[in-house]
Amino acid sequence: SVDIVVNSAGIVHNASLVTDVTEAAFDKVMSVNLRGTYLVTQAAVKLMLKKNATGRVILNIASVSGRGGRRYLSAYSASKGAVIAFTKSVALEVALLGIRVNTILPGFTDTPMTQGHPPIYCLVVRSLILRKFP
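With the numbering used here, you'll find the sequence shown wraps up at 135, consecutive numbering, no jumps.
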């Protein structure tokens, strides 16, 4: 049986103007970030419902970018916004069955994924964060 599932896989396209994001890049981001979360969540709920589902948990990692959007990250922001809405929908569907479904929205974090951004983008993001949270 499955007690807890954490959906944390995610990718980001190169920070760029929306006109420079190819359809293939957009589709890849959506496939990993949204479709991956959907497929794992669907499989987890099926397994959780085979036995008493009370106390089971699904946690989806989204991003603050999904709540308010981010300049030059249109596909990523859209995918994480969709994860937020998807999580809310699934939570409503399975709450009475005993499964809790939540999402976490981390902010910009220095990871191998974000190190692919141009250095100027990272400097701008860091300065915005430091202005907001000195």
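Check the hints yourself; a few may be wrong.
Unchecked claim - In silico BS3-like links for lysine-lysine, alpha-carbon gap of 27 Å or less:
| no. | residue 1 | residue 2 |
| --- | --- | --- |
| 1 | 89 | 47 |
| 2 | 47 | 29 |
| 3 | 29 | 89 |
| 4 | 89 | 52 |
| 5 | 89 | 51 |
If you're looking for bench data, these hints aren't it; they were derived computationally from the structure.
Evaluation of the provided hints:
Distance restraint check for residue 89 and residue 47: the Cα-Cα separation of roughly 18 Å lies within the 27 Å cut-off, and the hinted pair is therefore satisfied. Straight-line distance between C-alpha atoms of residue 47 and residue 29 comes to about 26 Å, which keeps the hinted pair within the 27 Å bound. Between residue 29 and residue 89 the alpha-carbon distance is near 23 Å, which keeps this suggested pair within the 27 Å criterion. Among the hinted pairs, residue 89 with residue 52 is consistent with the structure: their alpha-carbon atoms are about 23 Å apart, no more than 27 Å.
For the given pair, residue 89 sits about 22 Å from residue 51 by alpha-carbon distance, which is consistent with the 27 Å threshold.
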